[in-house]
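Asker: Protein chains in written order, with this note's numbering: chain A, 1 to 80; chain B, 1001 to 1142.
No lab work stands behind these hints, which were simulated from the structure alone.
Ideal placement from N, C-alpha and C gives every residue a C-beta, glycine not left out.
Incorrect hints may have been included.
Computed far set for chain A versus chain B, every beta-carbon distance over 12 Å [what the hints assert, rightly or not]: (1) Ser-3; (2) Leu-25; (3) Thr-29; (4) Glu-62; (5) Ser-63.
Residues from chain A shown here face chain B by an in silico Cβ test under 8 Å; the list is partial [stated by the list, open to error]: (6) Ala-36; (7) His-49; (8) Asp-56; (9) Pro-76; (10) Val-77; (11) Gly-79.
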Amino acid sequence: MKSITVRYFAMFREHAGVSEETLALDVATAGDVFKATRDRHGSTEPNGHCKVAINDVMAQWESPVADGDTVLLFPPVAGG
Amino acid sequence: MLRLTDQPIDPAALRATLFDPGAGAYCGFEGWIRNQNEGQAVLRLEYEAYEPLAISEGEAVLAEARQKFPHLHAHCVHRTGLLEIGECAVWVGVSSPHRDEAFQACRYIIDQLKVRLPIWKKEHYVDGHSGWVNCERCAAAG
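The shape of chain A in the complex, shown without the other chains:
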């Protein structure tokens, strides 16, 4: 198990009811974190419209996560 701090934004935050939480998760990748927290952010699968960052650096769903990492889950962006 790894201690992962998960941060939720916009729709994900409203669905989760918190902006961040630290969880003990059995995960290897950022995509695993997304799936493990699906009941919190409300989206089942990460898709092309959602993005992820690890420790404030943009990442891929296949990117590995380590104990103590902060994973930021971004719903589809809509700037402009």
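Please arrange chain B on chain A, whose structure you already have, making use of the hints.
Answerer: For chain B alone, coordinates are given in the frame of chain A:
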């Protein structure tokens, strides 16, 4: 330079920051808040940004534009917070020696900003409801 602000954007003042004796062209884009989206009457919009990555990703986009188009000056300002109909939500300005690369660079920057920066908008509708733009699609796809 890319920055976020919760204050009104003044395109005329920003345009002046791009003056360069070697520039023969200026191209600016303003994104405005409109009163409807996908059949719903919109009252106002609310922008949320994750500033650290919005800035770094935005600066990366500007750097890419400068690499593609030599001698380019490029700036962008994006609003956060509550915006009313008609307000400027985003401004992109570029100056360059010739108009062709000014048009192309401006278009490249706004197109990339819209799909890459961690910025979200919530529409507040006239009927009292509200919704995150695009986000419902993500949930539905899941």
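Asker: Each hint needs a verdict: does it hold in this structure or not?
Answerer: Hints, one by one, checked against the model:
no.: 1; hint: Ser-3; verdict: 22 Å, holds
no.: 2; hint: Leu-25; verdict: 19 Å, holds
no.: 3; hint: Thr-29; verdict: 17 Å, holds
no.: 4; hint: Glu-62; verdict: 18 Å, holds
no.: 5; hint: Ser-63; verdict: 15 Å, holds
no.: 6; hint: Ala-36; verdict: 14 Å, violated
no.: 7; hint: His-49; verdict: 5 Å, holds
no.: 8; hint: Asp-56; verdict: 6 Å, holds
no.: 9; hint: Pro-76; verdict: 4 Å, holds
no.: 10; hint: Val-77; verdict: 6 Å, holds
no.: 11; hint: Gly-79; verdict: 4 Å, holds
Figure legend: structure checked against the earlier numbered hints; the only hint not met is number 6.
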